[in-house]
Amino acid sequence: MEKFDKHTGLVVPLDRHNVDTDAIIPKQFLKSIKRSGFGPNLFDEWRYHDQGEPGMNHALRKKNPDFVLNHPRYEGASILLARHNFGCGSSREHAVWALQDHGIRVLLAPSFADIFFNNCFKNGVLPIVLDEAIIDRLFADVDATDGYQMTVDLPAQQIHLHDGDIVAFEIDPFRKDCHIRGLDHIGLTLEHAAEIRGFEEKHRQTSPWLFDKNI
Amino acid sequence: MSNNTLYDKLWNSHLVREDEHGTGLLYIDRHLIHEVTSPQAFEGLRMAGRKPWRIDSILAVPDHNVPTTLRSEGIADPVSRIQVETLDKNCADLGITEFLMNDPRQGIVHVIGPEQGATLPGMTVVCGDSHTSTHGAFGALAFGIGTSDVEHVLATQCLIMKKSRNLEIRVDGLLAPGVSAKDVVLAIIGKIGTAGGTGCSIEFTGSAMQGLSMEGRMTVCNMAIEAGARAGMVAVDDTTINYLRDRPYAPSGEMWDRAVTSWQQLHSDPGAVFDNTVTLDAGTLVPQVTWGTSPEMVLPVDGVIPDPDREADAIKQEGIRKALAYMDLQPGTRITDIRPDHVFIGSCTNARIEDLRAAAGAIRGRKVATNIKQALVVPGSGLVKRQAEAEGLDEVFKSAGFEWREPGCSMCLAMNADRLQPGDRCASTSNRNFEGRQGQGGRTHLVSPAMAAVAAVTGHFSDIRKEQD
Chain A
6 MEKFDKHTGL
16 VVPLDRHNVD
26 TDAIIPKQFL
36 KSIKRSGFGP
46 NLFDEWRYHD
56 QGEPGMNHAL
66 RKKNPDFVLN
76 HPRYEGASIL
86 LARHNFGCGS
96 SREHAVWALQ
106 DHGIRVLLAP
116 SFADIFFNNC
126 FKNGVLPIVL
136 DEAIIDRLFA
146 DVDATDGYQM
156 TVDLPAQQIH
166 LHDGDIVAFE
176 IDPFRKDCHI
186 RGLDHIGLTL
196 EHAAEIRGFE
206 EKHRQTSPWL
216 FDKNI
Chain B
88 MSNNTLYDKL
98 WNSHLVREDE
108 HGTGLLYIDR
118 HLIHEVTSPQ
128 AFEGLRMAGR
138 KPWRIDSILA
148 VPDHNVPTTL
158 RSEGIADPVS
168 RIQVETLDKN
178 CADLGITEFL
188 MNDPRQGIVH
198 VIGPEQGATL
208 PGMTVVCGDS
218 HTSTHGAFGA
228 LAFGIGTSDV
238 EHVLATQCLI
248 MKKSRNLEIR
258 VDGLLAPGVS
268 AKDVVLAIIG
278 KIGTAGGTGC
288 SIEFTGSAMQ
298 GLSMEGRMTV
308 CNMAIEAGAR
318 AGMVAVDDTT
328 INYLRDRPYA
338 PSGEMWDRAV
348 TSWQQLHSDP
358 GAVFDNTVTL
368 DAGTLVPQVT
378 WGTSPEMVLP
388 VDGVIPDPDR
398 EADAIKQEGI
408 RKALAYMDLQ
418 PGTRITDIRP
428 DHVFIGSCTN
438 ARIEDLRAAA
448 GAIRGRKVAT
458 NIKQALVVPG
468 SGLVKRQAEA
478 EGLDEVFKSA
488 GFEWREPGCS
498 MCLAMNADRL
508 QPGDRCASTS
518 NRNFEGRQGQ
528 GGRTHLVSPA
538 MAAVAAVTGH
548 FSDIRKEQD
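Residue numbers (this note's numbering), protein chains in the order written: chain A, 6 to 220; chain B, 88 to 556.
If you are wondering where the hints come from, they were derived from the structure by calculation, not from laboratory data.
Glycine is no exception: its CB is placed at the ideal position from the N, C-alpha and C atoms.
Hints may contain errors.
Restricting the straight-line Cα-Cα distance to at most 27 Å, the calculated cross-link-like pairs of lysine-lysine (DSS-like) are [stated by the list, open to error]: (1) A:Lys207 with B:Lys250; (2) B:Lys250 with B:Lys96; (3) B:Lys249 with A:Lys207; (4) A:Lys68 with A:Lys39; (5) B:Lys176 with A:Lys8; (6) B:Lys249 with A:Lys218.
Sample of chain B residues lacking proximity to chain A, with all beta carbon distances greater than 12 Å (derived) [unchecked claim]: (7) Pro357; (8) Val373; (9) Trp491.
Sequences and hints are given; from them, build the entire structure.
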C-alpha cells in the first residue's frame with residue numbers, strides 16, 4: 006500500500022448528501038478483473054453526457070461541463086470535499102480504486118458509509134471526518150477561492166487550511182500507523198497465525214458443527 | 088447475570104485477539120464468493136504466493152453477470168463472460184466449491200447460502216457484497232466486505248475490525264394483511280435514514296419480527312445496509328431451526344441436536360444494554376413506495392410527492408429537487424398516480440419462494456396492463472425456480488404476461504443484459520433506487536413483491552390492501 010505522510014493538494018467540492026458507490030463507479034465498469042484503470046469512469050454518469058461502456062475511448066466522449074470535476078478550476082484536484090454518508094451503498098472497492106486512479110488521496114466529509122470508509126484504508130486513501138460546521142465553512146471557502154489548496158499532515162493529525170488556520174482530526178491509531186508506514190494488513194495478521202490456529206482449534210471443539218460438513 | 092446483546096455474543100465468540108486500542112481480529116466461519124468482487128483478491132493472493140487458509144469455509148457462485156435467458160447459449164457479453172470464467176478458474180485451481188452457472192443450485196449468493204444450510208446460527212459470515220447482512224436473519228454476524236478484505240479472509244480466515252455499537256430496532260404488533268417484511272424495512276429506513284445505522288449492528292426485535300418467516304427476516308436484514316448498518320440480525324427461535332433442518336450443509340444426527348442446544352442461546356439477554364433503541368408499531372404500517380433516489384425517500388402508498396420548498400435544510404432541499412428532476416415527478420402527485428412501464432420481481436431482497444407466492448397470489452387470473460413494456464420475474468435460485476414451477480406459480484406469471492427467467496441478480500443492478508433504458512420507470516422488489524442503478528437514466532421505485540405485481544396489472548401503484556378486499 007502507498008505510504009501516506011503529508012499531502013498538499015487542490016480541493017474539489019462535491020455538494021451532495023448520500024453520494025453512493027453506484028454513482029462513484031457505475032456497475033458496467035465492475036466487470037474488469039483488474040484493480041486499475043477505473044479513473045476515467047469515476048462518476049461516469051455525472052461526468053459525461055453519453056452512456057459509458059467498458060472499452061470506450063473516454064477522451065472522445067462528450068463531457069458534462071456542469072459537473073464539478075469538469076470545471077477547469079478543479080483540474081488536478083487531489084482532495085475531495087463531500088457531504089454526509091459519502092460512499093453509501095454497495096461494498097465495491099472499485100469506488101476507492103476509481104477515486105485513487107483519478108488522483109484523489111484525501112476525502113473530507115461529516116460522515117462516511119462504513120464499508121467504503123474501511124476500503125479507503127486498504128488503499129492509501131485517507132477519509133477524514135470533520136464537524137459539519139467546518140465542512141460548511143470549507144464549502145464556502147473553496148467556492149470563494151480559486152486554487153484553494155490545503156495540506157493534510159497525518160502524523161500530526163492536522164489540516165493546514167488555505168487561510169493558515171489549522172484543523173485537528175481524529176483517526177484510529179492502528180489505521181494511522183498502517184497508513185503512514187504503508188503496511189500490508191495481511192502480512193500483519195499473519196504475524197498472529199499461531200494465535201489464529203489456536204483459536205480455530207478451540208472453536209472446532211466448542212462448535213464442532215461449524216466444521217462438520219465440509220463445503 | 089449476563090447482559091449481552093446477540094451481537095456481543097457473536098463478537099465475543101469469534102474474537103481471536105484485540106489490541107490496546109480495541110482493534111480486533113475476528114475469526115470468519117463462512118466466506119461466500121461471487122465473480123465481481125473476487126478476481127482481484129485471488130490475483131493478490133497469487134502475487135503474494137499465499138494460499139487460502141480454510142477451503143472448506145468457502146462457497147462460490149456466479150450471480151451478478153449471469154444471463155437470465157437461455158443458459159445453454161452461454162454469456163453473450165465477452166467482458167461478463169471473462170469475469171465468470173475467471174471465478175470458475177480460480178475455484179477450480181484452488182479446489183473451492185462453486186455452483187457453476189448451469190448447476191440447478193446456482194442462484195443469488197444471499198439466497199443460496201441459507202437455502203443450502205451454508206449459513207448457520209452463531210456463524211460469522213462474510214462476502215464481498217454489501218447485502219451479506221441478509222444472513223443475519225439466522226442469528227449470525229454477517230456483513231459485506233471490500234475486495235482487499237476478501238483477500239484478507241482468504242489468506243488469514245480473519246478480519247481486522249473494531250466492534251460496532253448496538254442498535255435495537257423493535258417492531259411490535261401485527262402487520263395488516265398485504266403489509267410485508269419489505270414494507271417494514273422500508274418504513275424503518277424512512278424513519279432512521281440511510282445513515283441511521285452507520286457504525287452500528289442492528290438487532291431487529293419485537294413480536295412483529297418474531298412473527299415473520301425466515302424469508303421475511305432475510306428481507307429485513309438484507310436492507311440493514313440501506314440504513315447504513317453493515318450487519319442486521321434476528322435472534323434464533325423455532326422458525327430459524329425449523330427452516331434449517333435437513334438442509335444439505337446443516338449438521339445432522341447427534342451433531343444437529345448439539346447445535347440446536349447451542350443455538351437456543353443466540354438471543355440478547357433480558358438485561359442486555361443497547362446503545363440506542365428505535366421502536367415501530369407494526370399495526371400502523373401501510374405498504375411503502377420509494378419516490379426518490381435514496382431508499383430513505385419513501386412514502387406510504389397513500390402519500391403524495393413532497394414539495395422541496397417545505398424542506399427547511401438547504402442541502403436536503405436541493406437533494407429533493409435533484410431526486411424529483413431525475414425521477415421526473417412533480418410535488419403533490421399522488422403515489423397511486425405514478426405509472427411504471429417496467430416491473431421487476433427478483434433480487435436478494437425479494438426473490439425467495441414466499442416472495443413469488445405473494446406476487447403470484449396478488450395477480451392470479453389478471454393480465455399485465457398495456458402501459459407495462461416489460462414485466463420480469465427472476466427467481467433467486469434454481470431451486471426456488473423449481474419449487475415455484477412445482478406450485479404452478481410460473482403459469483400464473485406467464486399467463487398474466489410476465490417473463491419467467493433463470494436465476495441471478497439481473498435487473499437489481501443491471502450488470503447482465505437485463506436493464507432499464509433512459510427514462511424507463513420500474514416498480515422493483517430490489518433494494519436500491521440510486522440514480523442509474525437499474526440502467527443509466529432508469530427510474531426505480533422500491534416496493535414489496537405483491538405491490539410490484541399489482542402495479543403490473545393495474546398499470547400504476549395501487550394499495551394492495553384494497554386489491555385484496
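Structure-based check of each hint:
no. : hint                   : in the structure
1   : A:Lys207 with B:Lys250 : holds (22 Å)
2   : B:Lys250 with B:Lys96  : holds (12 Å)
3   : B:Lys249 with A:Lys207 : holds (22 Å)
4   : A:Lys68 with A:Lys39   : holds (25 Å)
5   : B:Lys176 with A:Lys8   : violated (33 Å)
6   : B:Lys249 with A:Lys218 : violated (30 Å)
7   : Pro357                 : holds (24 Å)
8   : Val373                 : holds (25 Å)
9   : Trp491                 : holds (24 Å)
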